[in-house]
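Heads up: the sequence shown begins at 1 in my numbering, then just goes up one per residue.
No lab work stands behind these hints: they were computed from the structure.
Misleading hints may appear alongside valid ones.
[To be verified] Estimated spans, in silico, between C-beta atoms of each pair:
#1 F291 / F526: 33 to 43 angstroms
#2 N221 / F291: 28 to 38 angstroms
#3 P580 / D205: 43 to 53 angstroms
No residue lacks a Cβ here, since even glycine has one placed at the ideal position from N, Cα and C.
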Amino acid sequence: MRKRTRGVSLLLAAAVVAGLLTVPASAAGKPYIRQVEAGKWNSWAVTSTGDLYGWGKCITAGLFNGKTGSDVPVKLMSGVKSVSASSVELQVTFEVRKYDDYGDISYGAEPGTVLTIVKENGDLYTWGDNICYQLGKGYYEAEQATYEPYFVMSDVVKAATNDHACAAVTEDGDLYFWGHNIARRYGNGSGGGTLYATPTLILSDVKDVEMSEENVMALKNDGSVWMMGTNLFGVLARDEGQDAKLVDEMTKVMDGCTDIATGNRFAMAVKNDGTLYGWGYNAFTALGVRFDDMEYTGTPIAIATNVKSVDAGNHNAYFIKNDNSLWSLGSNIRGERGIGNDVGYEDPEGGVSYAYPNYPTQVATDVHSVSGGVNHMLYLKNDGTMWGCGGPEGAGEGGSILGRGDVWGETVSFVDDGQTFTSFSAYQWHATQCGLSYGFFAGMFGPVQEEVELVAGFSDVAANGYYRDAVEWAVDRGITSGTGGTTFSPERDCTRGEIITFLWRASGSPQTSTIAIIEDIAPGQFYFDAVTWAAEQGIIEDGVNFRPNDPCTRAMAVEFLWRAAGAQAISMDTGFTDVPASASYSTAVEWAVIEGITSGTSATTFSPDTVCTRAQIVTFLYRAFA
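Generate coordinates for the entire structure from the input sequences, incorporating the hints supplied.
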């Protein structure tokens, strides 16, 4: 087993030359970025040495210095452990009532930027707008923004904000809130519109908290998930349709969870088994289902498996799988999904062309953490580089949320009802084009993980993964060399072209004596020789389209392997209720079970239509050939 210690080299020179950053004084100590936070119109980063950087639009109180923003990262504070900003854009204005003897005060605009800052010693500071007393400064403070961080309380381990309220979890597991109690969010029965200017205890034994526009979400130490606030679109996991019923007390919605996230009227949780569940409003297909098929749901639905963490933006969800791959869901209006800004998608069910797919799509590999904002997303890779995608809400004095200096994007003019309008389009900054050329901070600091164990030369193959031996065998036999660099992408879907190529190489890469006629393959494609051989051997049908780029299902995989092994006639009862005797692959499934290649997905199911991952395919091959 090999271990490689990643170099902690600092590529500060590139960032400095590009004008992205002033070299911190601690550069000689080789710090790295340990947290990124995407807000509404701004971005934040905390280094391993406790330095807080900010950039983007901060029109309420400026970047601790009265300026309304910055196009490039600015060092703002030291001794910081973590930072939290709102990732949801408020959709409504509301009347705010002050809960004291001063009477009613009405506000006609939504609050501006608010930040919670947890220091390394556990002290909590707030900064920004105070229109709803969300800074925790008390009723006798003026309803004004603060240009300097304001101390609120001590012994804090986690904090959250949604711009009109804040919440904090203490070392003892106590959950506090303060600010605007819109929609009776906080379980005290006081009703919407009430202002609480100081921290108020609402729940105990808590380890994590997340906030959205109209809800608070907490994860307890026992793995239970609790929520309160409005149930609009079933966001409280109550199947009450669009009923915006208000829940005044913290209510348990799920057990056995390890991570939580909440966006604009939807919520998500990761279960102990790695299954990601989502519920609530399915706007922009944030739950991974066609909006025409499901507008909302009060019943949690499974979205993905093998997930270890999740984060939510406004109408987006981002999750990281156990293999450290990053996936995205939801809106791509400004390229915030990281899949490009012009991704055509033909809906197979309705024949409707969408700008982006409604299913999870992989964004990157070797990812450490991710943060979703309103119109952009930031993530950290394990090599210490920071990446981003999306675009700003609009231009102003400063405001490049991607830290790109004065580069905003294209000026777009359009005509509506005879009037000409001008807007900015910055969504071309997507993850597939990030790095030093399109992104920012790439290589700014050293690695997030000082030491990474490589399995067969890959950083994304889990040392305890079921597929580890198979990957090492496949690399040693020359069956695959991975997807690039130090990545194998074990959770990525395997295509028909890939499995046939793997099977051909496992068989010794034999030369073909004839040229099979397959209409959709051509010389020069990596799978050409393999597909030609497979057609010659009767593994696939000659003279028809092979569809090499289609995903390979479990049924296809075992059928290919069975034919390559001689297509033995076997008769046995596997007990799989989802494998009809009349299916073309039924004998192949029986053979695969007898040979120990697979035992199915449960005692009674084989799941023939489930798409195989690269890890599963090399495991099948390993069991068949090793």
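Verification of the supplied hints:
1. F291 / F526: 33 to 43 angstroms: holds, 37 angstroms
2. N221 / F291: 28 to 38 angstroms: Because 36 angstroms falls inside the window, the suggested range holds.
3. P580 / D205: 43 to 53 angstroms: With Cβ atoms ~50 angstroms apart, the hint holds.
This entry satisfies every hint, going by the numbered hints stated previously.
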